[in-house]
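Asks: Sequence:
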Amino acid sequence: MLLLLQLLRHLMTQRFLTLNGNKFFYDEIAAYSFRNSVPLNGYEAKTLEFCRDWLNGVQEFPIHTSGSTGTPKQITLTRKQMETSARRTIKLLGLKADEHMLVCLNTEYIAGMMMIVRGLLADMQMTIVEPVVNPLSLTPADEVYHFSSFVPMQLQTILHEHGDALERLDNMKAILVGGAPVSFSLQRELQQLRVPVYHTYGMTETASHIALRLLNGANAADYYETIEGVTIGQDNRGCLTITGDLTANEMLVTNDIVEILTPTRFRWIGRADNTINTGGVKVQTEVVEVAVSEALAELEQAPRFFVASQPDELLGEKVILVLEGKQLPDAAEQQVMDKMRSLLHKFEMPKDVYYSPAFSETATGKVSRLRTMQKLGLETD
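So the sequence shown is numbered by the UniProt record's numbering: it starts at 1 and just counts up by one.
Keep in mind that the hints were calculated from the coordinates and are not lab data.
Possibly wrong hints are sitting among the right ones.
Said to hold, decoys possible - Here are the simulated DSS-like pairs of lysine-lysine, each with C-alpha atoms no more than 25 Å apart in a straight line: (1) K351 / K326; (2) K46 / K366; (3) K96 / K173; (4) K351 / K339; (5) K366 / K73; (6) K80 / K91; (7) K73 / K173; (8) K326 / K282; (9) K23 / K46; (10) K96 / K80; (11) K46 / K73; (12) K375 / K351; (13) K173 / K91; (14) K23 / K96; (15) K326 / K339.
Said to hold, decoys possible - What follows is a list of derived Cβ distance ranges for each label pair: (16) D245 / A220: 28 to 36 Å; (17) D245 / D53: 15 to 23 Å; (18) K351 / A248: 43 to 51 Å.
On a predicted model such as this, the values are computed, not experimentally measured, just so you know.
For each residue, glycine too, the CB sits at the ideal point set by N, CA and C.
Working from the sequences, and respecting the hints, build out all of it.
Replies: In structure tokens form, the structure reads like this:
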């Protein structure tokens, strides 16, 4: 045991991570011995405090949910849950010691935290940067990464703003993308990449993802495949239930309507609270958003958007579309509406289009529909 401890201490004096361009050795992080000599901003301090707690064997971690679909709340995950999740991803993606990973998701939330845990458990070289829209802009152009995880907006921005984006991304052995739906236009762009890109399904309560969907290549799928140790089912609403060691073997009931294809595969339909009852017909907003995404993809630059509802005297509720940015020219808006009409039933078509100069976002970069609609003076549930 003494020899093992000595070996671990030796390794910690050799291993380091890079945070916003500064190198921090693991033994310094564990002791927090650099704190008074290295100036840190708030994000850097929070990131290193999590690393310190992990390196010192802390067994429980209080974590805030993102608040993208409701009020943010604090839950507690155990070290065992986080280790189990991380090791399964490491095994599934074939991540190896000394490979280089880029961490560019907010490390105060589960997606960024779990990237760090994977890096520590797999003994990978880690470069951590602020969670900006274009994280590659914060890294040296010649630095090679083997693994990273992005939100869709980051990945789309990289593809648009970096002339060498395909080369840099194709150096990786796997890419995860999550936190929001992947648009039709982004999925089409991803077909240029050789590196497998996986859309994740998961939540804070499951210590990151419990299922992956391959977005590109010959085997791209429209369904999610669960990772090892996860049992799925449905409740009487048709919503996904999850059981396994990641949930402490308790059944977690989600608000996501799914179609279960096999014991390990499911197709995501939408959220139960995103169902609009318009004129007695139930419309799933995510179905409408797929059509909107395809219609907007025909524009030179597709804006962000979401579909919601508003009260209507005749219909009870009506479907609306909210676009980010300046109002589209009449011809462009008409083009989008005509394309949607070719893809949607009459009752699914948005009855009104609203424009927001800039969407409100959560701390993890997800669109906050609630706050955006409030800014526009629209009614919210």
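Asks: All hints, please: hold or fail.
Replies: Going down the list of hints, with the structure as the test:
Of the pairs offered as hints, the one joining K351 and K326 holds, with about 19 Å between alpha carbons and a cut-off of 25 Å not exceeded. Annotation: proposed proximity of K46 to K366 holds, straight-line Cα distance about 20 Å (limit 25 Å). For the hint linking K96 to K173, the alpha-carbon distance of about 10 Å falls within 25 Å, and the restraint holds. Distance check on the hinted pair: K351 and K339 sit about 15 Å apart at the alpha-carbon level, within 25 Å; holds.
Pair hint K366 plus K73 holds up; C-alpha atoms about 16 Å apart against a cutoff of 25 Å. A C-alpha spacing of about 16 Å is found between K80 and K91, which places the hinted pair at or below 25 Å, so the restraint holds. About 34 Å separates the Cα atoms of K73 and K173, which puts this hinted pair outside 25 Å; it is violated. With a CA separation close to 31 Å, the supplied pair K326 and K282 exceeds the 25 Å bound.
Note on K23 and K46: the hinted pairing holds, with a Cα-Cα distance of about 16 Å set against a maximum of 25 Å. Restraint check: the Cα-Cα separation between K96 and K80 comes to about 21 Å, which is no more than 25 Å; the hinted pair holds. For the hint linking K46 to K73, the alpha-carbon distance of about 18 Å falls within 25 Å, and the restraint holds. This hinted pair checks out: K375 and K351 have alpha carbons roughly 20 Å apart, not beyond 25 Å.
Taking the CA atoms of K173 and K91, the gap is about 13 Å. The hint holds against a cut of 25 Å. Among the hinted pairs, K23 with K96 is consistent with the structure: their alpha-carbon atoms are about 21 Å apart, no more than 25 Å. Only pairs whose Cα atoms come within 25 Å are accepted, and K326 paired with K339 is accepted, the gap being roughly 20 Å. In this structure the hint that D245 and A220 lie 28 to 36 Å apart at CB holds, the actual value being about 29 Å.
Remark: the range hint 15 to 23 Å for D245 to D53 is upheld by a beta-carbon distance near 22 Å. The hint said 43 to 51 Å for the Cβ distance between K351 and A248, and at roughly 45 Å that hint holds.
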